[in-house]
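Q: Here are the chains, one letter per residue:
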Amino acid sequence: MTDTDRGTQRDRDSAFYLFTQQNLPACKPVLTPEWVFMTFLFIGFIFIPVGLVTLRASHSVVEIVERYDIGCVPEPFRINKVSYIQDDSIPKNCSFSFKVPKYMKAPIYIYYQLDNYYQNHRRYVKSRSDKQLLHGQNQHGISSCQPVEVNNDRPIIPCGLIAWSLFNDTFTFIRNRAELKVNRKNIAWKSDREHKFGKNVYPFNFQNGTLIGGGKLNPRIPLSDQEDLIVWMRTSALPSFRKLYGRIEKDLDVDDVVVVHLMNNYNTYSFGGKKKLVLSTTSWLGGKNDFLGLAYVFIGSSSVTIAVVFTLLHLLSQRH
Amino acid sequence: MARIRKRSIQLSKLCSFACCRSSSQDEHAQIGQKGYSRVVYCNEPDSQEQIRLRYRGNYVSTTKYTAVNFLPKSLFEQFRRVANIYFLVVACVSFSPLAPYSAPSIILPLVVVIGATMAKEGVEDWRRNLQDIEANNRKVEVYDKSSCSFRQTKWKDLRVGDLVKVCKDEYFPADLLLLSSSYEDVVCYVETMNLDGETNLKLKHALNVTSFYSSAESLKEFRAVIKCEDPNEHLYSFIGTLYFDCQQYSLSPQQILLRDSKLKNTECIFGVVIFTGHDTKVMQNATDPPSKRTKIERRMDRIIYVLFSTLILVSFIGSLFFGIETNNDLSGGNYTRWYLRPDKTTVFFDPRRPAVAAFLHCLTGLMLYGYLIPISLYVSIEICKVLQSIFINQDQAMYDEVMDRPAHARTSNLNEELGQVHTILSDKTGTLTCNSMEFVKCSIAGTLYGRGMTEVEIALARKRGEQLTEQAPIDASESKKSFKGFNFRDEHIMDGKWVSEPQSDVIQKFFRVLATCHTAVPEVMGPDEIMYEVESPDEAAFVIAAREVGFEFFARNQTSIKLRELDPTSGIRVDRVYELLHVLEFSSARKRMSVIVKNPENQLLLLAKGADSVIFERLSKEGRAYEERTKEHIEKYSEAGLRTMAVAYRELDNDEYKTWEQEFLKAKTSVSADRDVLMDELACQIERDLILLGATAVEDKLQKGVPGCIDKLARAGIGIWVLTGDKRGTAINIGYACSLLRHGMKQIVITLELPEILAQEKEGDKEAIAEASLNSIKLQILKAKSQVTEESSTEFGLIIDGKSLTYAMDKNLVNSFMDLAMRCATVICCRSSPKQKAVITRLVKSVTGRTTLAIGDGANDVGMLQEADIGVGISGVEGMQAVMASDFAIAQFRFLERLLLVHGHWCYRRISMMICYFFYKNITFGFTLFWFEAYTSFSGQPAYNDWYMSCYNVFFTSLPVIALGVFDQDVSARLCLKHPLLYQEGVRNILFNWPRILGWMFNGLLSSIIIYFLTTNSITGPAFRKDGQVADYSVLGVTMYTCVVWTVNCQMALSINYFTWIQHLFIWGSIAFWYIFLVVYGSIPPTLSTTAYKVLVEACAPSILYWLTTLLVVIAALLPLLSYRAFQIRFQPMEHDRIQIQRRRPESTEYDATQRRLSESSEARTSSELPSEVRIRIDNLKASSKRKN
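Chains B and H are the protein sequences, given in the same order. Just so we're aligned: 268 in full-length UniProt numbering is position 268 of the first sequence, and the numbers increase by one with no gaps anywhere. Just so we're aligned: 242 in full-length UniProt numbering is position 242 of the second sequence, and the numbers increase by one with no gaps anywhere.
Calculated from the structure, these hints are not laboratory results. In this text, all values refer to a predicted model and were calculated from it rather than measured experimentally. Misleading hints may appear alongside valid ones.
Unchecked claim - If you want the footprint, here are the derived chain H segments under chain B, 3+ residues with CB under 8 angstroms: (1) 102 to 110; (2) 341 to 354.
Said to hold, decoys possible - In the DSS-like style, the derived pairs of lysine-lysine whose C-alpha atoms are separated by at most 25 angstroms in a straight line are: (3) H:778 - H:766; (4) H:202 - H:120; (5) B:190 - H:1026; (6) H:1026 - B:102; (7) H:1026 - B:105; (8) H:295 - H:156; (9) H:120 - H:139; (10) B:190 - B:274; (11) H:1026 - B:243; (12) H:778 - B:131; (13) H:344 - B:126.
Every residue, glycine too, gets a C-beta built ideally from N, C-alpha and C.
The following block holds chain B by itself, in its conformation from the complex (with noise of 0.2 angstroms):
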């Protein structure tokens, strides 16, 4: 700088020359009593409204949870249920059938919950080939499917554990001795069918080596249209998780006594894992799901509190 730029009344009301005396027009928060107490309880004020609109939302939802693991194992297999299930021979099917608490609007999501089942886990997780299940077997990069990547020399389409262990317990809903339609199209996101699995990647060479895991697949059926795989594939987030299933698109009375014939084909008994079914309808917010409302309730009434507490001290102090 030169001395003719220094210092001019222009210079001084400069945005630069503000900026460079570290003396930009600030806003400059404090704390004070006034606000904490206009802060809190303003947090307050929005959080519990919205948390019992959440769990109005929440209670509006009719959700219908049945464990079926044990229930279908035969009684003399309770014990070694693990045999059972890895028993080719013992007819898989079974039934129960439960009565529909509540009127439950269509579309009603049916989906299969398994607990303690780590689709997390990080050698699960990473078995798979997104370039193999969008381009098919053209393409290399299958190391990442270990360690079912190939059988007989030949590589696996959909190779990887996640597909090898491809959930395959089967329902269907009969209400009144009529089936209920399921929906199965649909299930899977959008964006996966068109652009994760490929439309002309057809399955092969899957489920054919010595050790089978779980479903197989229609090898005359592009991977694309495989809706239950791709579910299957979005691997969930905790070792307690839900997948969709299905929809029944009609309504469901107050008292409609629906049965269920299913195949108990998936084998949790090995690692003590739970298998449900689940039927629920949704509100705009989605499932059942207390816990946010109760948390914004929780989180409202606290700050509503910390306000009260705070301004009575405040007080307190104030006359000492």
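Put chain H on the given structure of chain B with help from the hints.
A: Okay, now just chain H, sitting in the frame of chain B:
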């Protein structure tokens, strides 16, 4: 150079700086041996012999790196940091199957971080390179033998043996041997400012044998060989021999012109290049200043170790559980979790060898939880510090308009240390005072001359409570002759009136001494305008005073001094030439200076001036006529804070002089070790039987704003020590003048000038004196200590002299002395030497363990500046050497107030907040990974997509934290200065103590727990959207990550106190950038984006639950800190909170706040706190109540 030159051997013989002529002395005998092997063939740089020696060229490079070694060398520098090594190892291992994430995602941030640091290094080095290029391409005239003329050549092409011609005001391109100059007596003047910071001119003198070679033609025949010492760093020594004309001539530093010094007052010189490039003395001297690290940085290293231990612990816990889970995969010969194929597994997951798997998993864990260690911490801090330095340099309030000097942060890594200064050690002369001496008073023949009050007198009068009515303003007619260095007002002397004074002959002699007895060089700037180049400002004051009275010194050469004097009888001005025979120079040991001259009347005179004590010793019996009165006056002057000097003369007998001169010349030309001693003794012989004329009093003016600044610093609770060479009386008075010693402050004086000690000194038994002194000092210290303890409510000022200090530094006494000193608000060490200054500094630093700041301006302060934690140099008049050794340079002492209280406080706060926050944000992030791990049976699966993780430190959280580190202000600069007590936050380090650091870490842990558990419980399980879809791994990752980004950025918004558009942009921009990133990254093909593919657009954004969860988690995670802050500010406010609230409050409540602070503090005060603090608060209170009235 076709000038006719007279050769005048006689003149140079008389020159006081005559060179050593004797050859074959001890050192010169070593020539040719080891260490003295350099050979220069003058004027034959192309000869075979010279080329064979392969001396380096004159190309100079001061850069740290070259184009070739930049990459390896700077990389090596980077990986000297433990944290960077760790990240490098992680990056290498990330190619193995051990890695929980893909290799590029860990390498990218490392490359960004290392690249940023390297770029910074590169830019700095490039600047140095530009300077080098400039220096290397300067032009100099080099002799070309073939054409017998000089031709312009670049500096870098200069070779050893070249003959060069340097003109006035040019720099010497290399170390040269002076052959001849445009002066007939082959001398030249040089300025060595760039070497040692001294601004005075030095005289160099060529050998007479070479003086003939002063034109291009004559140089053609010049052939000589120089054998001399090898390159070394000693600026003031040179040993060599010139072989010329079959004769040997010894060379001394007198003939050497050093690179980077400047030719002054001389038309031109011719010289031979001896040392080039890096062999030159100045380059050999270039060493890096000692690097200093701040306390915060050292503590930060310890925090990193804590985090490393946490990392190892967490990984260990993880791998323990992983081992157990893996072991359980094989129970009783059956594989439990069959979907993991434990039958066909690698070693990493093998249930048959769980111990090995667990160990390998531990390595994976070390990589995964590496996010606990903030990778970008170092580079962010460095960037912040550089930017902070720029702000310091740019501050207009620290810019000296007169000198055109802004403040300059020479090192950027000490910024935050400025906010923690506990003790300031200050030099006096040139630091507190201007070091521009003003001649104010004198005492001639026992009569006082000069009226007007000095600043010290004004201060003293104010102290006594006198009304300053008599202080008549200097009227216009008097002030018309106002010169720098002259403030003498007396109608009896000025304007030639001295002639009619009763003792006019003494007055005449007195001013003649002042006009001749000096080493100043006049520089005629124009008619009636003469500047003087002087060694010390005192001398300038004397010469100017003599000029103003009528004894104008206007020309000097080696043998004469010319004065233009007022002739008392005729009343006209006449030129008189004094033949200068010898100069007996001033030295701190001799404390006097004298010249021997022959006046136009052919009288031999010895004219002397010096410290009163020294001169009074040497008076003759008849010369003591005015002794008593003069002594009185000197006493009075020094009380008034003036520097005094006694003036005397002697008429020499011709024979006596002749005999003395012979001996003296003999001593001077001898090169034995005791030469100096011999010369001192001889000088003593002639400097006796003096006749006292009078005494001078020079005022060392206080710098502008010093008292106010010191007052502020004291109120900030900073202890101030003044280390000065002055007499005790002067020091105490200066102390009062600059409010170091204040009204109501008790003085403790520790001294050895006690009757019993003095009595013993007369006896002369050195051991007895030492013992008695030690005991006396011990007694005095103990007495003072008990006094300080008894009267804990009063302030104390400790005054100790240099001699007592040596005893107080005794290792048995030093602790109690320092204890005493620490309880005093001010400590003044008078009569201390430069070395003592450094020793005291080191002692204060080591005994207190707190931050010390040394401030000084001269070469004698360099030791002190380098010893202290922070060295501040005043870039004033005394050259640049102190500045070169300093960490910060300011133009005036008063800027220290702003540097410490504003910039220091801000930087301290910024850096400590920044580091705490850094750890907070990384712990928050790192532990969410850990909690997720716990739900994947510790298999090492990260909760987030690889690229989210690697961008965390680099993109989503980096800019706000830099904004915090660069821009945040808790209170404005004005309030910082208004409330100096705020500074104590830094001194006590309350923003970066362990409770606070651990508090932030705990907050991070809490945030991570809140984020993880609220998110998982809210979003997973049942459907999270109306269309019945459930949240999977990718959705959970995005939700959690969103919450983390929001939370850490909002915490930042909560913790800063200063929002400009920059903060808003960075904080909210970082959050917005996360969404933008997600959209962009989610739209690239799924084989690259994997789990992030369209996750925001398709899955999360349409889900109301996602947004509601974000809101819930962020508020919940902010709530703990928010409530803590709310309660803490209201019920246990820190100093800055108080000030912030006060600023907000209406005027009426300010009084209550102050009162509350007062009562609180007196309750809370512990014995360790400074007692001054209470008083300060009381002062504040008084001031504020006064304002109200």
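Q: All hints are to be evaluated individually against the structure, with a verdict given for each.
A: Results for each hint:
no., hint, verdict
1, 102 to 110, "violated (count 0)"
2, 341 to 354, "holds (count 7)"
3, H:778 - H:766, "18 angstroms, holds"
4, H:202 - H:120, "40 angstroms, violated"
5, B:190 - H:1026, "15 angstroms, holds"
6, H:1026 - B:102, "19 angstroms, holds"
7, H:1026 - B:105, "13 angstroms, holds"
8, H:295 - H:156, "43 angstroms, violated"
9, H:120 - H:139, "32 angstroms, violated"
10, B:190 - B:274, "29 angstroms, violated"
11, H:1026 - B:243, "15 angstroms, holds"
12, H:778 - B:131, "86 angstroms, violated"
13, H:344 - B:126, "15 angstroms, holds"
When each numbered hint is compared with the structure, violations occur for hints 1, 4, 8, 9, 10, 12.
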